[in-house]
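Following the hints, position chain B against chain A.
There are 2 protein chains.
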Amino acid sequence: MTQKQKCVIVLSGGPDSAVVAYWAKKEGYDLYPITFNYGQIAVKETKAAEKIAESLGAKTKIVDLSALKGVFGDVTSLCNSEIPLTAEFSQPIIVPFRNAIFLSVAVSYAVSVGADRIFYGAHGSDEPFYPDCRREFYEAFEKTAQLGTGEHIIIQAPFSGKLKSEVIKKGAELGVPYEFTWSCYRDAEKHCGKCESCVNRKKAFQDSGIADPSKYDA
Amino acid sequence: MTQKQKCVIVLSGGPDSAVVAYWAKKEGYDLYPITFNYGQIAVKETKAAEKIAESLGAKTKIVDLSALKGVFGDVTSLCNSEIPLTAEFSQPIIVPFRNAIFLSVAVSYAVSVGADRIFYGAHGSDEPFYPDCRREFYEAFEKTAQLGTGEHIIIQAPFSGKLKSEVIKKGAELGVPYEFTWSCYRDAEKHCGKCESCVNRKKAFQDSGIADPSKYDA
Chain A
1 MTQKQKCVIV LSGGPDSAVV AYWAKKEGYD LYPITFNYGQ IAVKETKAAE
51 KIAESLGAKT KIVDLSALKG VFGDVTSLCN SEIPLTAEFS QPIIVPFRNA
101 IFLSVAVSYA VSVGADRIFY GAHGSDEPFY PDCRREFYEA FEKTAQLGTG
151 EHIIIQAPFS GKLKSEVIKK GAELGVPYEF TWSCYRDAEK HCGKCESCVN
201 RKKAFQDSGI ADPSKYDA
Chain B
1001 MTQKQKCVIV LSGGPDSAVV AYWAKKEGYD LYPITFNYGQ IAVKETKAAE
1051 KIAESLGAKT KIVDLSALKG VFGDVTSLCN SEIPLTAEFS QPIIVPFRNA
1101 IFLSVAVSYA VSVGADRIFY GAHGSDEPFY PDCRREFYEA FEKTAQLGTG
1151 EHIIIQAPFS GKLKSEVIKK GAELGVPYEF TWSCYRDAEK HCGKCESCVN
1201 RKKAFQDSGI ADPSKYDA
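Protein sequence lines correspond, in order, to chains A and B. 161 is the number that my numbering gives to position 161 of the first sequence; each next residue is one higher, with no gaps. 1181 is the number that my numbering gives to position 181 of the second sequence; each next residue is one higher, with no gaps.
Source of the hints: derived by calculation from the structure; they are not laboratory data. A hint or two may mislead.
Claimed, not checked - Subject to a maximum C-alpha distance of 25 Å in a straight line, what follows is the list of computed DMTMM-like cross-link-like pairs (lysine to aspartate or glutamate): (1) B:K1047 to A:D64; (2) A:K143 to B:E1127; (3) A:K69 to B:E1151; (4) A:K69 to B:E1136; (5) B:K1006 to A:E27; (6) B:K1069 to A:E196; (7) A:K202 to A:E127; (8) A:K170 to A:D64; (9) A:K26 to A:D116; (10) B:K1044 to B:D1064; (11) A:K51 to A:E196; (12) A:K162 to A:D217; (13) B:K1162 to B:D1126; (14) A:K51 to A:D217; (15) B:K1069 to A:D217; (16) B:K1044 to B:E1054; (17) B:K1143 to A:E139; (18) B:K1044 to A:E196; (19) B:K1004 to A:D74.
Remember, predicted model here, so these are calculated numbers, not experimental data.
In isolation and in its complexed conformation, chain A is listed as follows (with noise of 0.2 Å):
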């Protein structure tokens, strides 16, 4: 039997990276996710991103990066609670430069299992916003990781262009667990409903007329 080709999957708790996971299956991966702690608010996300892994028979190497949040947390609402969450897309819900970081850290632990590839659930609908979400940006990281580690590092974001509610619709085709799913940038029992990535999840799952599991407290 010939042995599964190992890939890193960035994997957040939200649904996107969730079903980047799922899709990486299907494909006959076998899956190294990891995680990140980086001092977000919201560190529901991790527990989310365990309860995914365990679904998909792995188990997601959890990376408490908690220190971060003294790099960036004067700038962002992610992390910083002094700073307003809103509703629509606004500089503070950036996290500067955050999916390098976590993309650096993806790519030295792929060359430490023995990985050649590094899925991320960067998409469409988030690249008017992130740059670091567009196709140029993971691109030229891909470069920068085949230059810095002498290895043939593959960066690939699978839904890259697509809209939110696809990589939604695509999801529930592949039974992932939307209840174990978490999207909002606060950390209560319900999502909120009002943040910008609690807004943003409704509609996707509206748009593409899948029910979504969460309770919303608005």
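This is chain B only, laid out in the frame that chain A set:
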């Protein structure tokens, strides 16, 4: 009076990045040093970095990423005492993609504090061995940083292509307090004198004709 331009410096506690910091100070920059605990055995490095920053009237931001040991601790002798340290370059001395992880966080820090450039201590003597010390790597990284942040971030290794002995010589001219610097991969009272990093340090000081104030065990 014009405000000084801000720069982030990846300050390891070793002599190379100390020279970069002194060079940047002389160039007139306002220094924002950043130092990483990445689970290395030589935690003394971070204390060294603190002293070097203080000697420049700056304070280095120490970021505790020691959980990274769980990511690459199985493959690198720098974080795992069960993997033997060698006097010559060997694969386990490499922490895969380490400089990319550091530079990613440095970029995030730069954006957060309003700096547009990052300096790090890569130089010509490391280039044959460490892919993430090479110019083509950091040029690709710079492009990635610009695409991933939407800002005109500059990444520079001012001693790219120079021998370590030339860097040491330059540092002596700039008044770098080499007695504060730490190179050893071990964490004993004195430099071990036998690991690859000690060997390189000793050779560079010898070749430069500068006295090395470090005490060595061998």
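The hints, checked one at a time:
| no. | hint | result |
| --- | --- | --- |
| 1 | B:K1047 to A:D64 | holds, 22 Å |
| 2 | A:K143 to B:E1127 | holds, 18 Å |
| 3 | A:K69 to B:E1151 | holds, 21 Å |
| 4 | A:K69 to B:E1136 | violated, 31 Å |
| 5 | B:K1006 to A:E27 | violated, 47 Å |
| 6 | B:K1069 to A:E196 | violated, 34 Å |
| 7 | A:K202 to A:E127 | holds, 18 Å |
| 8 | A:K170 to A:D64 | violated, 30 Å |
| 9 | A:K26 to A:D116 | holds, 18 Å |
| 10 | B:K1044 to B:D1064 | holds, 14 Å |
| 11 | A:K51 to A:E196 | holds, 24 Å |
| 12 | A:K162 to A:D217 | violated, 28 Å |
| 13 | B:K1162 to B:D1126 | holds, 10 Å |
| 14 | A:K51 to A:D217 | holds, 22 Å |
| 15 | B:K1069 to A:D217 | violated, 39 Å |
| 16 | B:K1044 to B:E1054 | holds, 16 Å |
| 17 | B:K1143 to A:E139 | holds, 11 Å |
| 18 | B:K1044 to A:E196 | violated, 43 Å |
| 19 | B:K1004 to A:D74 | holds, 21 Å |
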